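Undergrad: Start from the sequences, fold in the hints, and give me the full structure.
If you read the protein sequences in the order shown, they are chains A and B.
FYI, in numbering that gives the first Met the number 0 the residues of the first sequence are 0 to 508.
FYI, in numbering that gives the first Met the number 0 the residues of the second sequence are 0 to 508.
None of these hints come from the bench; they were simulated from the model.
Keep in mind the model is a prediction, meaning the values are calculated, not measured.
Please note that a few of the clues may not be correct.
Reference excerpt, derived from the structure (chain B facing chain A, CB under 8 Å, subset only) [claimed, not checked]: (1) Arg-124; (2) Thr-176; (3) Leu-178; (4) Pro-238; (5) Pro-240; (6) Val-303; (7) Leu-324; (8) Gly-326; (9) Gly-415.
Not the full set, but computed from the structure, chain A residues with beta-carbon under 8 Å of chain B [stated by the list, open to error]: (10) Gln-15; (11) Pro-121; (12) Gly-415; (13) Gly-417; (14) Arg-432; (15) Pro-475.
From chain B, some residues computed to sit far from chain A (all C-beta separations above 10 Å) [stated by the list, open to error]: (16) His-18; (17) Gly-77; (18) Arg-125; (19) Ala-233; (20) Asp-369; (21) Gly-441.
Cβ atoms here follow ideal geometry from the backbone N, Cα and C, with glycine treated the same way.
Given next are the chains, with one letter for each unit.
There are 2 protein chains.
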Amino acid sequence: MSGTPVWSVDPRTGEQRAHVAAEASAADVDAAVRAAHAARGALADRPTRAAFLRSAADELDAAREGIVAAADAETALGAARLNGELARTRTQLRAFADVVDAGGFLDVIIDHPDDAIVPPVPDLRRYKVPLGVVAVYAASNFPLAFSVPGGDTASALAAGCPVVVKAHPDHPETSETVLAALRKAAGAHGLPDAVVGLVHGFDAGLALIRHPLVAAAGFTGSVRGGRALFDAAAARPNPIPFHGELGSLNPVVVTAAAAADRADEIGAGLAASMTLGVGQFCVKPGLVLVPGGGDGDRLVDALVRAVAATAPGVLLDHRMRDNFLAGTAARLALPGVDAPVPAGADGDHGVRAGVLTVPADLLAAADTHDALLEECFGPVTVVARYADDAQAHAVLDRLPGNLTATLHVSPRESEGAGDVRELLARLTELAGRVVVDGWPTGVAVAPAQHHGGPYPSTTSTSTSVGTTAIERWLRPVAYQSTPEALLPPELRDANPLGLPRRVDGRREG
Amino acid sequence: MSGTPVWSVDPRTGEQRAHVAAEASAADVDAAVRAAHAARGALADRPTRAAFLRSAADELDAAREGIVAAADAETALGAARLNGELARTRTQLRAFADVVDAGGFLDVIIDHPDDAIVPPVPDLRRYKVPLGVVAVYAASNFPLAFSVPGGDTASALAAGCPVVVKAHPDHPETSETVLAALRKAAGAHGLPDAVVGLVHGFDAGLALIRHPLVAAAGFTGSVRGGRALFDAAAARPNPIPFHGELGSLNPVVVTAAAAADRADEIGAGLAASMTLGVGQFCVKPGLVLVPGGGDGDRLVDALVRAVAATAPGVLLDHRMRDNFLAGTAARLALPGVDAPVPAGADGDHGVRAGVLTVPADLLAAADTHDALLEECFGPVTVVARYADDAQAHAVLDRLPGNLTATLHVSPRESEGAGDVRELLARLTELAGRVVVDGWPTGVAVAPAQHHGGPYPSTTSTSTSVGTTAIERWLRPVAYQSTPEALLPPELRDANPLGLPRRVDGRREG
Chain A
0 MSGTPVWSVD PRTGEQRAHV AAEASAADVD AAVRAAHAAR GALADRPTRA AFLRSAADEL
60 DAAREGIVAA ADAETALGAA RLNGELARTR TQLRAFADVV DAGGFLDVII DHPDDAIVPP
120 VPDLRRYKVP LGVVAVYAAS NFPLAFSVPG GDTASALAAG CPVVVKAHPD HPETSETVLA
180 ALRKAAGAHG LPDAVVGLVH GFDAGLALIR HPLVAAAGFT GSVRGGRALF DAAAARPNPI
240 PFHGELGSLN PVVVTAAAAA DRADEIGAGL AASMTLGVGQ FCVKPGLVLV PGGGDGDRLV
300 DALVRAVAAT APGVLLDHRM RDNFLAGTAA RLALPGVDAP VPAGADGDHG VRAGVLTVPA
360 DLLAAADTHD ALLEECFGPV TVVARYADDA QAHAVLDRLP GNLTATLHVS PRESEGAGDV
420 RELLARLTEL AGRVVVDGWP TGVAVAPAQH HGGPYPSTTS TSTSVGTTAI ERWLRPVAYQ
480 STPEALLPPE LRDANPLGLP RRVDGRREG
Chain B
0 MSGTPVWSVD PRTGEQRAHV AAEASAADVD AAVRAAHAAR GALADRPTRA AFLRSAADEL
60 DAAREGIVAA ADAETALGAA RLNGELARTR TQLRAFADVV DAGGFLDVII DHPDDAIVPP
120 VPDLRRYKVP LGVVAVYAAS NFPLAFSVPG GDTASALAAG CPVVVKAHPD HPETSETVLA
180 ALRKAAGAHG LPDAVVGLVH GFDAGLALIR HPLVAAAGFT GSVRGGRALF DAAAARPNPI
240 PFHGELGSLN PVVVTAAAAA DRADEIGAGL AASMTLGVGQ FCVKPGLVLV PGGGDGDRLV
300 DALVRAVAAT APGVLLDHRM RDNFLAGTAA RLALPGVDAP VPAGADGDHG VRAGVLTVPA
360 DLLAAADTHD ALLEECFGPV TVVARYADDA QAHAVLDRLP GNLTATLHVS PRESEGAGDV
420 RELLARLTEL AGRVVVDGWP TGVAVAPAQH HGGPYPSTTS TSTSVGTTAI ERWLRPVAYQ
480 STPEALLPPE LRDANPLGLP RRVDGRREG
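TA: Printed below as a string of structure tokens:
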């Protein structure tokens with residue numbers, strides 16, 4: 000470890016725990032990428048890839064205690080949450096192993112020659128091939144599920160792409176520990192270590208996105224960091240796909256009828272969702288449109304009671320804590336903004352959750368309150384009180400893109416009464432996932448999941464959670480008039496691998 | 000027409016034919032985009048969209064004579080080619096109508112709640128929705144099939160996206176004529192004119208890509224123009240997908256055994272492919288690796304005879320003619336380059352096709368001959384003579400990304416003998432379509448088609464030809480825990496629209 004030391008830091012004390020790695024030099028990054036590139040052939044066999052992903056899940060389980068201990072010491076997220084996150088991480092790895100086995104992601108399409116079409120169709124067979132080395136930028140807030148062994152890594156490996164992860168500086172020891180488990184799994188199937196690489200350091204992250212052999216990137220983090228990397232990816236001599244999840248306000252709309260029906264339930268549910276994980280989820284509800292009047296007041300009272308009763312927490316690092324304290328203070332200083340529960344410091348290292356309120360017309364009218372329309376990472380939400388539907392719509396018109404949008408309605412509205420369908424259509428334009436009568440936190444790993452939305456929530460139209468995430472790391476290739484013996488087995492008429500496919504317009508399997 | 004006049008010019012004479020339009024001002028572009036955005040709701044109904052696309056094909060047929068006459072006068076491509084291109088354009092529109100009807104592009108996935116998974120899966124239903132207004136940048140070389148009524152327009156409309164086309168300056172009258180036919184078809188189904196807009200002018204093209212309500216773009220053209228627009232799309236406050244087809248060398252490799260077997264046939268086939276449409280196809284074979292020695296000599300002789308016998312032609316405009324003459328002269332001036340058939344001027348307006356030859360080691364060794372690895376638009380190809388397989392591979396190692404790569408083999412190699420599988424794998428890394436024992440020109444419209452490849456051939460991993468091109472203009476949205484009555488009909492359990500879908504992991508329909 001000859002480079003600048005990388006320290007593991009305990010956010011509960013602010014103290015350096017250990018010197019666990021060194022920042023990668025440009026030469027280190029180059030070596031990691033070249034090794035990964037050279038390892039891509041080893042990932043070509045689908046059954047081996049699937050077995051590797053399942054073994055990776057098993058190895059994470061076997062190393063669970065050490066992983067959770069390291070992650071808790073580095074992130075303060077607590078053992079219960081981290082055990083749950085590790086279970087989620089294993090679910091993801093196994094789900095992608097199943098996807099690899101099923102083979103539908105190869106999207107095999109075969110068209111036999113047809114001279115009746117203008118222009119004539121020759122023998123054409125298309126499937127998808129891996130893009131090449133994928134750079135993964137790990138997130139702070141999920142040291143496992145969106146980090147070294149997370150969804151980007153799992154989906155890229157499933158696609159057949161070697162991965163080089165840029166470690167998040169908040170959990171270097173966790174990253175190294177998990178890497179060892181992944182490489183143990185790789186070794187068990189004869190795969191080289193380099194199918195998963197790891198580099199530390201800010202400059203290493205930039206060198207990685209600019210490396211000629213890096214073919215695509217996945218990122219979860221801030222708008223500022225993500226946009227800088229997106230710009231670097233776009234500015235390359237050969238631009239590459241950059242699938243970044245940057246930031247999201249995750250608006251919630253509570254209809255007047257919903258507030259009348261369920262003020263207490265919604266207020267309490269909102270408090271639980273916005274303080275979950277000390278408010279450090281990318282889908283934390285950050286702006287809530289609540290009707291004015293008595294029903295809305297009751298909802299806010301329930302929210303305020305629950306948030307005020309929430310235990311203080313520790314954020315992932317002190318920089319985030321500084322940003323949270325400054326961000327909540329700056330928002331509270333805006334005209335018309337109140338804090339029925341003020342966010343703030345708890346001792347030297349902790350924070351207290353808070354609620355901000357503002358009349359919706361201040362958000363709708365001008366750009367003076369735009370800070371309230373930006374994500375504030377941590378346990379705080381903004382409640383905007385609207386006088387009528389027009390005011391609520393005027394606020395929605397000013398929102399950027401989001402990962403999620405949530406709607407709370409009354410049972411009568413669930414049957415389709417009122418303008419609630421129109422409201423749902425409006426929220427659909429704003430987000431990639433629309434939640435009704437629930438909360439956006441808790442992102443299931445499922446085929447129908449979509450975790451992505453209009454910019455800045457993501458920089459592409461794809462998802463980073465759920466099995467369709469594999470699509471990000473593939474490109475189609477068509478073979479024309481290619482003799483059977485030269486075709487990849489996936490594209491042969493006899494279908495020796497038993498793949499689902501579309502042949503002359505008909506689906507098989 | 001108050002702006003700078005847009006003239007229709009006859010490339011056969013260089014003379015202005017008529018003043019057919021005016022360049023769009025920033026205000027004109029804004030009005031066109033806003034009108035298109037306002038028209039998006041009208042495209043929401045799938046059966047109407049499908050009917051519109053079929054009527055558009057019919058209207059193009061009805062207006063065929065006028066369209067072909069205008070296009071021939073503006074492009075010099077000739078009535079036979081243009082009638083064929085119009086037929087192709089109709090095929091595309093009808094193919095996308097069928098895609099719209101079938102509904103598979105909606106990619107419906109439904110997962111019912113499952114508490115056994117970690118984390119638990121709620122009710123999740125995902126499908127794809129249109130992105131919004133699509134900007135289409137028309138190509139010069141296909142005044143119909145890659146222009147106003149072309150594949151980008153057809154696929155975007157099929158997806159439910161209104162389109163604003165930036166007309167190519169080489170065929171403004173054709174563009175306006177075709178627009179009228181498309182709008183007639185739209186009107187027949189009660190759709191507003193603004194579902195397809197048209198703007199002229201270089202500045203209008205830039206204003207279009209920067210417009211906040213433009214949600215995605217499709218482009219076919221040069222590396223320089225495409226990269227400038229790609230950069231503008233990436234630099235927006237909210238970056239948008241830019242699906243550009245920029246430039247492609249389309250390498251061909253002839254094995255020693257193939258040359259021994261079929262020297263005359265391959266030479267003649269290459270001549271036909273590289274001079275087709277006066278060499279103005281994006282998939283024109285621009286670099287051909289031919290073995291040294293007698294068999295290769297015979298192949299080159301056959302090529303030279305056929306090219307020398309090819310009638311002179313007229314390029315799409317005089318700027319392209321200037322570039323062709325300068326480009327071929329600059330390549331011929333490089334050390335070691337010969338021209339057994341010199342490209343050149345034919346009179347004041349025409350050009351003669353040419354063949355350049357070069358020893359492959361000059362291409363493989365250094366960057367002195369890199370101009371030969373760049374596309375030269377027009378009827379010329381570069382034949383690189385290789386001494387051994389290592390030399391051929393060394394040239395391939397220096398190539399940028401391509402739309403196509405072509406391999407000519409002997410029947411014995413078709414059975415899998417020799418290293419030909421390895422060669423095919425290498426070509427697959429370089430291109431989006433691999434052709435064996437054929438030629439890349441003639442791009443069929445089919446589900447298995449893929450017209451796209453590594454940069455600079457395209458700026459994304461998607462295709463601009465074939466039915467999967469619709470995927471470019473969609474984004475997924477998931478609905479969570481949404482009451483049946485509020486769900487879009489596409490996502491209801493009862494499947495009232497009879498869509499193919501995946502429910503709890505099982506494919507239906």
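Undergrad: If a hint holds in the structure, say so; if it doesn't, say that too.
TA: Structure-based check of each hint:
1. Residue-level restraint check for B:Arg-124 holds (minimum Cβ-Cβ distance to chain A is 6 Å; threshold 8 Å).
2. Hint status for B:Thr-176 relative to chain A: violated, with the closest Cβ pair at about 21 Å, above 8 Å.
3. For B:Leu-178, the suggested interface contact is broken, since its CB lies about 23 Å from the closest CB of chain A, more than 8 Å.
4. About 6 Å separates the beta-carbon of B:Pro-238 from the nearest beta-carbon of chain A, less than 8 Å, and the hint is met.
5. For the restraint placing B:Pro-240 at the interface with chain A, the shortest Cβ-Cβ distance is roughly 7 Å, inside the 8 Å limit, so the hint holds.
6. Taken as an interface hint, B:Val-303 does not check out: its beta carbon lies about 26 Å from the nearest beta carbon of chain A, beyond 8 Å.
7. The criterion of a C-beta within 8 Å of any C-beta in chain A is not met by B:Leu-324, whose closest approach is roughly 28 Å, and the hint is violated.
8. A cut of 8 Å between beta carbons decides the hint on B:Gly-326: the least distance to chain A is about 21 Å, and the hint is violated.
9. Restraint check, B:Gly-415 versus chain A: the minimum CB separation of about 4 Å is within 8 Å; hint holds.
10. Against a cut-off of 8 Å between C-beta atoms, the interface hint on A:Gln-15 is violated, since the closest Cβ of chain B lies about 33 Å away.
11. Interface hint at A:Pro-121: satisfied, since its Cβ lies 6 Å from the closest Cβ of chain B, which is below the 8 Å cut-off.
12. The restraint placing A:Gly-415 at the interface with chain B holds, with a minimum CB-CB distance near 4 Å, inside the 8 Å limit.
13. For A:Gly-417, the interface hint is violated, the least distance from its beta-carbon to any beta-carbon of chain B being 11 Å, above 8 Å.
14. For A:Arg-432, the suggested interface contact is upheld, since its CB lies about 5 Å from the closest CB of chain B, less than 8 Å.
15. The criterion of a C-beta within 8 Å of any C-beta in chain B is met by A:Pro-475, whose closest approach is roughly 4 Å, and the hint holds.
16. B:His-18, annotated as away from the interface, keeps every beta carbon of chain A farther than 10 Å; the closest lies near 34 Å.
17. In this structure B:Gly-77 is separated from chain A by more than 10 Å, as the shortest Cβ-Cβ distance comes to about 16 Å.
18. Not every beta carbon of chain A lies more than 10 Å from that of B:Arg-125, the smallest distance being close to 4 Å; the non-interface claim is violated.
19. Not every C-beta of chain A lies more than 10 Å from that of B:Ala-233, the closest at about 4 Å, which undercuts listing it as non-interface.
20. No beta-carbon of chain A is positioned within 10 Å of the beta-carbon of B:Asp-369; the least distance is around 13 Å.
21. The Cβ of B:Gly-441 sits about 6 Å from the closest Cβ of chain A, inside the 10 Å cut-off, so the non-interface label is violated.
Comparing the model with each numbered hint stated earlier shows that hints 2, 3, 6, 7, 8, 10, 13, 18, 19, 21 do not hold.
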